[in-house]
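Trainee: Listed below, chain by chain, are the residues.
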Amino acid sequence: MKQFFTFVRKEFYHVFRDPKTLLLLFGMPIAQIILFGFALTNEVKNSKIVIADYAKDVASERIIEKIEATKSFEIEQILLSTKEIEETFKKGKVKLAIVFPATFNSDLSHQNKTQVQIIADASDPNTATTLTNYAQSIIMSYQREVQAMNRAPLQINTEIRMIYNPELKGATNFVPGVMALVLLLICVLMTSVSIVKEKETGTMEILLVSPMNPLLVIVSKAVPYFLLSILNLTVILVLSITMMEMPMNGNFLLLYFASSLLILAALSLGLLISNSTNTQQEAMLISLMGMVIPTMMLTGFLFPLENMPLPLQVMANIMPSKWYYIIVKSIMIKGLGFVAIWKEMSILLGMTIFLLTMSFKRFKIRLA
Amino acid sequence: MPEVILENISKSYQDGKVKAVKNVSFSVEKGELFGLIGPDGAGKTSLFRVLTTLLTPDSGIATVFGCDVVKDYKSIRQHVGYMPGKFSLYQDLTVEENLNFFATVFGTTIQENYDLIKDIYVQLEPFKNRRAGKLSGGMKQKLALCCALIHRPKILFLDEPTTGVDTVSRKEFWEMLQRLKKQEITILVSTPYMDEATLCERIALIQEGEIMSINTPQGIIEEYPKKLFSIKSSNMIQLLDDLRKYDSIDSCNAFGEYHHISFKSENTELAKSELTTYLKRDRDYKDLVINDINPTIEDCFINLMN
Chain S
1 MKQFFTFVRK EFYHVFRDPK TLLLLFGMPI AQIILFGFAL TNEVKNSKIV IADYAKDVAS
61 ERIIEKIEAT KSFEIEQILL STKEIEETFK KGKVKLAIVF PATFNSDLSH QNKTQVQIIA
121 DASDPNTATT LTNYAQSIIM SYQREVQAMN RAPLQINTEI RMIYNPELKG ATNFVPGVMA
181 LVLLLICVLM TSVSIVKEKE TGTMEILLVS PMNPLLVIVS KAVPYFLLSI LNLTVILVLS
241 ITMMEMPMNG NFLLLYFASS LLILAALSLG LLISNSTNTQ QEAMLISLMG MVIPTMMLTG
301 FLFPLENMPL PLQVMANIMP SKWYYIIVKS IMIKGLGFVA IWKEMSILLG MTIFLLTMSF
361 KRFKIRLA
Chain Z
1 MPEVILENIS KSYQDGKVKA VKNVSFSVEK GELFGLIGPD GAGKTSLFRV LTTLLTPDSG
61 IATVFGCDVV KDYKSIRQHV GYMPGKFSLY QDLTVEENLN FFATVFGTTI QENYDLIKDI
121 YVQLEPFKNR RAGKLSGGMK QKLALCCALI HRPKILFLDE PTTGVDTVSR KEFWEMLQRL
181 KKQEITILVS TPYMDEATLC ERIALIQEGE IMSINTPQGI IEEYPKKLFS IKSSNMIQLL
241 DDLRKYDSID SCNAFGEYHH ISFKSENTEL AKSELTTYLK RDRDYKDLVI NDINPTIEDC
301 FINLMN
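For the protein sequence lines, the chains are S and Z, in the order given. First residue of the first sequence: 1, per my numbering; consecutive thereafter. First residue of the second sequence: 1, per my numbering; consecutive thereafter.
Just so you know, the hints here were simulated from the structure itself, not pulled from any lab data. None of these values were measured; they are calculated from a predicted model. C-beta atoms are modelled at their ideal positions from N, C-alpha and C, and glycine is treated no differently. Incorrect hints may appear among the rest.
[Said to hold, decoys possible] In the SDA-like style, the derived pairs of lysine to any residue whose C-alpha atoms are separated by at most 25 Å in a straight line are:
| no. | chain 1 | residue 1 | chain 2 | residue 2 |
| --- | --- | --- | --- | --- |
| 1 | Z | K86 | S | R17 |
| 2 | S | K364 | Z | K74 |
| 3 | S | K364 | Z | Y73 |
| 4 | Z | K128 | S | E11 |
| 5 | Z | K74 | S | S276 |
| 6 | Z | K154 | S | N213 |
| 7 | Z | K74 | S | M204 |
| 8 | Z | K74 | S | G202 |
| 9 | Z | K17 | S | S276 |
[To be verified] Take a look, some chain S residues computed to stay more than 10 Å from chain Z by CB distance:
| no. | residue |
| --- | --- |
| 10 | D18 |
| 11 | A102 |
| 12 | K113 |
Please model the entire structure based on the sequences and the hints provided.
Mentor: Have a look at this one:
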């Protein structure tokens with residue numbers, strides 16, 4: 001037991017005495033959370049738009065009022081001609097323009113049918129789609145208002161309903177994904193380097209020619225990174241709840257428990273890579289190439305898994321992050337309990353046991 | 001029964017393409033200071049790794065205090081001290097932390113065996129809070145030796161402990177080994193430096209994976225078959241060339257400020273005077289010095305190599 005604690009303490013020395021490791025360990029998660037949470041969000045906030053209102057009637061003014069009220073849009077100008085619209089687009093500041101024809105309200109009241117033109121800067125197609133959707137939904141809401149008053153039959157009735165994330169907040173989608181990505185990446189990378197490092201510097205040679213149990217070597221390598229990852233998780237959670245307005249509707253204890261499972265799975269994978277490679281570079285390359293892209297692609301937070309071809313959907317099942325992503329969303333956003341996620345948790349547990357056994361088996365008691 | 005026994009040990013790498021050790025047999029007695037002398041790539045490290053259970057031999061049997069290196073590797077690992085050729089301690093840990101760590105790994109404490117490492121550790125003590133990576137080469141070797149000794153091993157395997165260490169530290173290191181010998185620790189040491197061979201009790205000369213000779217250093221020197229001379233002049237490069245072209249020269253090698261030569265004929269005095277006359281008269285060497293010398297281990301090694 002004393003051997004074990006000495007070993008763990010030694011691992012902590014390694015971490016705390018290497019500024020690069022520390023930076024990677026704590027800098028990367030914070031940077032990623034902030035990057036994904038703020039910069040890379042598909043949420044649209046304060047987008048500048050212009051409105052050309054030829055109608056200037058009750059209907060158009062009511063809609064403009066509604067648009068002004070949302071956080072998504074910031075009305076830059078109310079213009080008078082279509083020519084001006086083109087100019088403002090060319091300046092590049094404006095993302096969207098809404099044009100009300102002169103007969104807007106009269107058409108609506110007499111023919112029960114009217115038109116409104118939405119022009120979007122499609123050089124950024126994602127933002128354009130999102131913005132037109134927003135604008136559409138605002139106009140729809142006005143339609144419903146009028147319908148309620150008039151009881152007149154309306155021809156267009158599009159219902160847009162977004163459950164769990166009605167404001168289309170980016171954070172709710174990205175944060176669980178980034179949590180999975182960061183925890184997986186840090187744990188795999190750190191541990192995969194740790195054993196290989198001892199092989200490279202030759203200290204493994206001395207450790208092998210000692211009564212030290214290989215099992216102890218492996219386990220004591222994982223302990224510091226486990227504890228540091230839990231600390232990391234706390235930092236990520238604090239950041240995402242305070243800064244990203246990420247909801248936390250579930251049980252913290254359950255979330256930590258589930259996260260521990262993911263961390264353990266990632267640590268075991270790191271140890272497996274470490275035991276199967278011979279240089280730090282090799283280990284780092286495998287963990288980066290093998291983890292970053294598949295995690296980003298196959299977790300479901302950047303691209304919905306349902307839209308992927310079947311082979312990719314099947315592949316996604318072996319990514320621990322996919323299951324963790326489901327668990328985090330269930331706990332944090334939907335506020336569900338253990339009963340709802342026991343399946344995903346058991347899959348993570350199974351993965352951990354499999355990977356850990358593999359890495360024990362791959363541990364070489366000799367040099368070759 | 002000898003402490004270390006090797007019988008027909010062979011080891012190859014890359015699926016037999018590189019034969020590092022070929023049919024090597026020798027034994028080391030308890031308490032002996034045994035040297036494995038040979039150039040880089042001779043197979044010294046491979047032999048050490050077989051004996052320290054880090055590699056399994058392709059064929060042959062090796063035992064360390066009666067335990068088989070393949071089957072009983074666990075019991076061997078309990079009682080040997082191993083210092084690899086490359087400095088292999090934690091560079092980011094301090095001197096004291098390294099020592100403490102290895103003491104714990106071997107289930108002991110610094111205090112328990114302090115008397116064994118005391119002589120060496122006192123020199124390290126002023127630097128005990130310095131990180132191992134920041135030590136000088138000689139200090140690193142001393143620390144590595146301390147770490148290898150901390151559990152009072154029965155056998156110490158030192159793989160090229162003096163490579164890359166300055167002359168003074170090398171001398172100190174060998175003095176330490178002589179002191180350790182008195183503690184009845186068997187020491188197996190390898191070195192590419194021939195001058196260190198005489199400091200061992202017995203040596204094995206190894207070249208390209210094969211043992212050329214095993215004997216005491218004195219015994220190896222006595223085995224040298226020829227009478228040896230050293231020769232010097234002001235133009236050493238020209239002299240070497242001329243000597244090698246001269247018919248009755250058996251061997252001629254450059255050794256620092258002298259060339260060492262031996263003659264083909266048994267009558268060395270005659271051959272020597274003939275050579276002197278030839279060089280002075282025909283080749284116009286003016287400041288020629290020729291001395292009778294005793295062969296060094298290096299002379300023996302070169303002779304065996306050919």
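Trainee: With reference to the structure, classify each hint as holding or not holding.
Mentor: Hint check results:
no. : hint            : in the structure
1   : K86/Z x R17/S   : holds, 22 Å
2   : K364/S x K74/Z  : holds, 14 Å
3   : K364/S x Y73/Z  : holds, 13 Å
4   : K128/Z x E11/S  : holds, 20 Å
5   : K74/Z x S276/S  : holds, 23 Å
6   : K154/Z x N213/S : holds, 20 Å
7   : K74/Z x M204/S  : holds, 16 Å
8   : K74/Z x G202/S  : holds, 20 Å
9   : K17/Z x S276/S  : holds, 23 Å
10  : D18             : violated, 7 Å
11  : A102            : holds, 77 Å
12  : K113            : holds, 76 Å
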